[in-house]
Structure formats: structure tokens, C-alpha cells
Amino acid sequence: MNTTTPITPPLRPDFAAIAKWIKPGAKILDLGCGDGALLRYLHQERHVFGYGVEIDDENVLGCLRNGINVIQNDLESGLSSFASDSFDYVILSQTLQAMKHTAEIIREMLRVGREGIVSFPNFGYWKNRVQVIRGHMPVSESLPYHWYDTPNIHLCTLGDFEALCNQCNAIILERRVMNKDHQIELLPNLMGKLAFYRFKRK
Amino acid sequence: MQDSNSVGIVTPQYVHIDKTLKLKSGSVLTSYNLVYETYGTLNADRSNALLICHALSGNHHVAGVYADKPKSTGWWDNMVGPGKPIDTNKFFVIGVNNLGGCHGSTGPASIDARTGKHYGANFPIVTVEDWVETQAQLAEHLGIQQFAAVIGGSLGGMQALQWTLDYPDKVRHGLVIAAAAKLTAQNIAFNDVARQAILTDQDFYGGDYYSYNTLPRRGLRLARMLGHITYLSDHSMATKFGRDLRDGKFSFGYDVEFEIESYLRYQGDKFTDLFDANSYLLMTKALDYFDPANAYDGDLNAAFKAVKASFLVLSFTTDWRFSPERSRDIVKALLNNNINVSYGEITSAHGHDSFLMNDAYYHQLVQAYMNNIEV
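Chains as they are written, first to last, in our numbering: chain A, -19 to 182; chain B, 156 to 530.
Accuracy of the hints is not assured; some may be wrong.
Unchecked claim - In silico contact screen, one side only, chain A against chain B (beta carbon under 8 Å); selected entries: (1) Tyr31; (2) Asp37; (3) Leu41; (4) Leu44; (5) Gly47; (6) Asn49; (7) Val50; (8) Ile51; (9) Gln52; (10) Ala63; (11) Tyr125; (12) Tyr128; (13) Lys180.
Keep in mind the hints are simulated off the structure, nothing from the lab. A quick note: this is a predicted structure, and the numbers were derived from the prediction, not measured. We put the CB at the ideal spot given by N, CA and C, even for glycine.
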């Protein structure tokens, strides 16, 4: 049984996008860290020290096989194991849309980390809009599930997320919007597939 | 059943430590014996040694069998052996019987050379810290400067933790399984009822029952029965025994009727042939006293300041004697000290005893962690 996927850095442009924001040697908490691939990448590229948080058994095992510190914990129950202000960055990579307690996790990220980094699939991407206009819930590369089997229960657009940040007393420091490995500058809420935000406490 | 991954026939070894041991209680032992077993081969750098610490009723016989007793399989044989999660092809594994035990190391049932009699009630109370000190003496005897890992479940996990506090430079990894940084009041309460069962047995004679050629069997049996209940989960008892009756109907008396009664009595009886009541008392006290944060006004973060080792901390969802919450306390204090730590919370139906059982995910986690330890 092989649960770990070897990472070749160019394979994951979203990892590279996050890595650009991370100061070398930083202390990182990666929420919903999967098999630890992002942390391993950040360790290679930015020499970070950190921990992942994962609930799934196979992923926790994957982290241990990858030599990544992992804490088996349900994000929905908050981050009570982690002290306030104890990390340089708390990362939530493509997990926000699958969480029940969306605002709570943003608040917890702001409490535990000096900065938060969130990435999520942009529901406002034009191909999604076209599918909705045609009368169907979108199914695409970045949203590969059907409405009835999707773990993504809280999808949002760039504008929606920015409103939530405001509500949670977060200041957005930087935003990056991607379509595959291209950065989108023009009409990001329409043209961008994947959104990245870096934010901190107000 | 032949297990091709067994370490095979093993032989216990003895060491006489002729060095005064000042115990935490203030008492002194001028010398003592330790019995231990080893599996695997110590490499040329002496960098692949690891120590396995036992729990309340365990001992040095961790894996393998004795030549003259084919059923004498070690207590953690499913975990330790060639190709097993704690792989004896890679590591030189040491199991030791704790001081105060009753399987060969000096304990209350041993003869005190000064008097020619059993120590009995005169054997001093020992603590987890004292055990770590004796284990460090054993390491020195074996020429081991640093352990690749110290590993233990339950009371054994407490020793693994204490090792990383007392000898931060002598242990690279701690595996702390189904343990706690201190017992809860409820946990101490269970221990005290167990002790009271022994202490109030008419055959206890204040701990000097050896001189009366008797054993406080009734007390030890009750202590073990109580302990056993707390090591299982409600669910595992319900599944294994339910309300099954041995004879299929009520007999309206006080003899064994329910299967669970039969099981507990059998376990209790068996235990009185294998374990010394004074050792049982000592071990439960060591559990109760363990509290590394106590010297730091209850601040576990401060207690862990000196720690350098990396950790794997594991707990089991249905373990209510050493609940996942207690393991999370340990993890939190390690996180607060920026220590490398991984934590697995294993879904298991078997309560505290889960740490001794064969569970695929549990064993995979240990194996994955052990594989990444450099030797």
C-alpha cells in the first residue's frame, strides 16, 4: 500500500504560490495537511519547521512515512492544542470549502498564527458560472465532484471570502489568483480558478 | 503457532549494579539486580539501541519465547521482532524488569543480603524517576551512550517521557503510548481501591507474608479484577461477554453465573500465581506519584523545557483509564516547546488494553515512525 505521492515541485503550482509567501525558517501550521506534501515542500524550499493537522488515518500515516510532524485532530473542533501566537503562518490549503465551521477556523487561524494563508477553488470562475446558467451545479477540474457526493459544502467566490475576512476582523495582506500555473491579474473573480489569500489580525 | 517474525528463543540476563541508588523517597539501596533481555544486534556505532519500558504488570520478557516454555511468548511480541513495527533487524532492543518488580530484578520478594530475609515491607517505594536512573545504569553496563528510542505504553510511556526529561542527550526519540503526564483523581482512586484490597487481606501481614508462608491472594485477585475492568471498554466487554450466562440460566446464588464474572475471576486467579502483591502496590504508587510538572508549579510546558528528543504520542479512543485527552496534554506541552512531535488518535474498541493488541493502523503508525529513525 502506497499512500504517499512523491512531490516534484513544478507539479503543484499551488504549493509554489504558497511557498513564495513564506519567509525562510518560519514556523508553520498546515491545517488539513494531507500526507504532508506541502510541509515537505516548504521544508525543502524554505527550511520551515512545522506541524500538520489531519483527521484522516491514511493521511496521518502518510505524514509519518514522509517524516512530517502531524497531529491527528479534527479541525472542526478548533485548534485548542495550539497556543495563541505560536506560529508564523497557519495554512489552510484547499480545505476551507469542505469545513462546517468556516468562520470559526478563520478566527482560530488568526489566534494561533501571526499570519494566515488560505487557498480555495473560486466558485466565481466563469466556467462554473456557465454551468450554473445552463442549469447545473459545476463539475470541473478544480471542483471534481457532483452536487450529491461533494465534500465541498461551503463554496465561495473571491468577493464572498473577502467579506468573511472582514467579518472575522482579518486584514488581507496579499491576494493571488491562479488559473493552472498562470497568475490572473485581469477580472480575477471571473478568470481565476484558485484563490490564495494572506491575512492577519486587524 | 510458529511465528516466522518472532525473535525466537530468548534468554534473560542479569546485572548486579553495585552502586548506591538514592531514591526519590530519600531511601537508599546500596546495590540491586536487574534482569533484562535483548533482541537484535548492537551495531558498531552503538546507535541502534532502544529501550522498552513495561507497564504495571509487565516485565523484561518483551518478545520471543523461552526454550523450556513454548507458551511463554513475550508481552509485546506482536510489536517487536524481525520485520515487525519495532524491527529487531534494525534495532537492538532491550527489555528490563523494573526495580521493585517480581520477575528477577530486586524487589520486595527478594532476599535482603543484610538480613537474610525477604525485603517485604522494608522494600522502599520507587518512582518512575528512580526506574529511569536504574535503566541508565543498565545502559552504562551495556555500553550504550544514547538510545535511538525509549518506548512504552501506560506506565511504560511515563518512563519513556521521564527519560527525555532526565537525560535529554541520551534519548533521540520517545514513543509514549496510552500514557499521561499525571494521573487523574479518578485514576488514583482506582489504584487505591486495588491497594486497599491487598492491604486489608488477612494474609498480607503488613507486607511480610513471605515469612508466614502465605500470599494475600484474595486481595491481589480483587486488585487485578478491578484493574482489568478499567483496562477494557464498555463496548469490548459487551461484545465479548454481553450478559451471557455460563449455564444458560440464572442459578439464584453467588457462584459464577455471567461469563464476565467467570472471565474476571479467572484473570484474577491466574494473576496471583504470577505476580507479587508488594510489587503490585509499588507499581501503583509509582503511577500515582508520577507528575513531572509538580516541580514546576504544575506547569508542564516548563517541565518539558529541557526536552530534546522527538516524539510519537499515541492514544486510543475508547481508553478511559488513560484517555486521549491526557495524551493531548503531553502533545500540547511538547508543541509549546517546539519539539518534533506527531500524535495519532487510534480508533479502537478495546480500551486501555488496545496498546497491547494487534491493530493494523496502530502498528503501521509505529512502523512508519520507527522506519524514519536514523541509526
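Here's how the hints hold up against the structure:
Interface restraint check for Tyr31 of chain A: the shortest CB-CB distance to chain B comes to about 7 Å, inside 8 Å, so the restraint holds. With a cut of 8 Å, the hint placing Asp37 of chain A at the interface with chain B holds, because the nearest CB-to-CB distance is about 5 Å. The criterion of a C-beta within 8 Å of any C-beta in chain B is met by Leu41 of chain A, whose closest approach is roughly 5 Å, and the hint holds. With 8 Å as the threshold, the beta carbon of Leu44 of chain A comes within range of chain B, its nearest partner Cβ sitting at about 4 Å, so the hint holds.
This hint holds: Gly47 of chain A has a C-beta 5 Å from the nearest C-beta of chain B, less than the 8 Å allowed. Among the interface hints, the one on Asn49 of chain A holds; its C-beta lies about 5 Å from the nearest C-beta in chain B, closer than the 8 Å criterion. Interface hint at Val50 of chain A: satisfied, since its Cβ lies 5 Å from the closest Cβ of chain B, which is below the 8 Å cut-off. Against a cut-off of 8 Å between C-beta atoms, the interface hint on Ile51 of chain A holds, since the closest Cβ of chain B lies about 5 Å away.
A cut of 8 Å between beta carbons decides the hint on Gln52 of chain A: the least distance to chain B is about 5 Å, and the hint holds. At a threshold of 8 Å, the smallest CB-CB gap from Ala63 of chain A to chain B is about 6 Å, leaving the interface hint in force. With a cut of 8 Å, the hint placing Tyr125 of chain A at the interface with chain B is violated, because the nearest CB-to-CB distance is about 25 Å. Taking 8 Å as the C-beta cut-off, the interface hint given for Tyr128 of chain A is violated, the closest approach to chain B being about 27 Å.
Using the Cβ-Cβ criterion of 8 Å, the hint placing Lys180 of chain A at the interface with chain B is not satisfied: the shortest such distance is roughly 21 Å.
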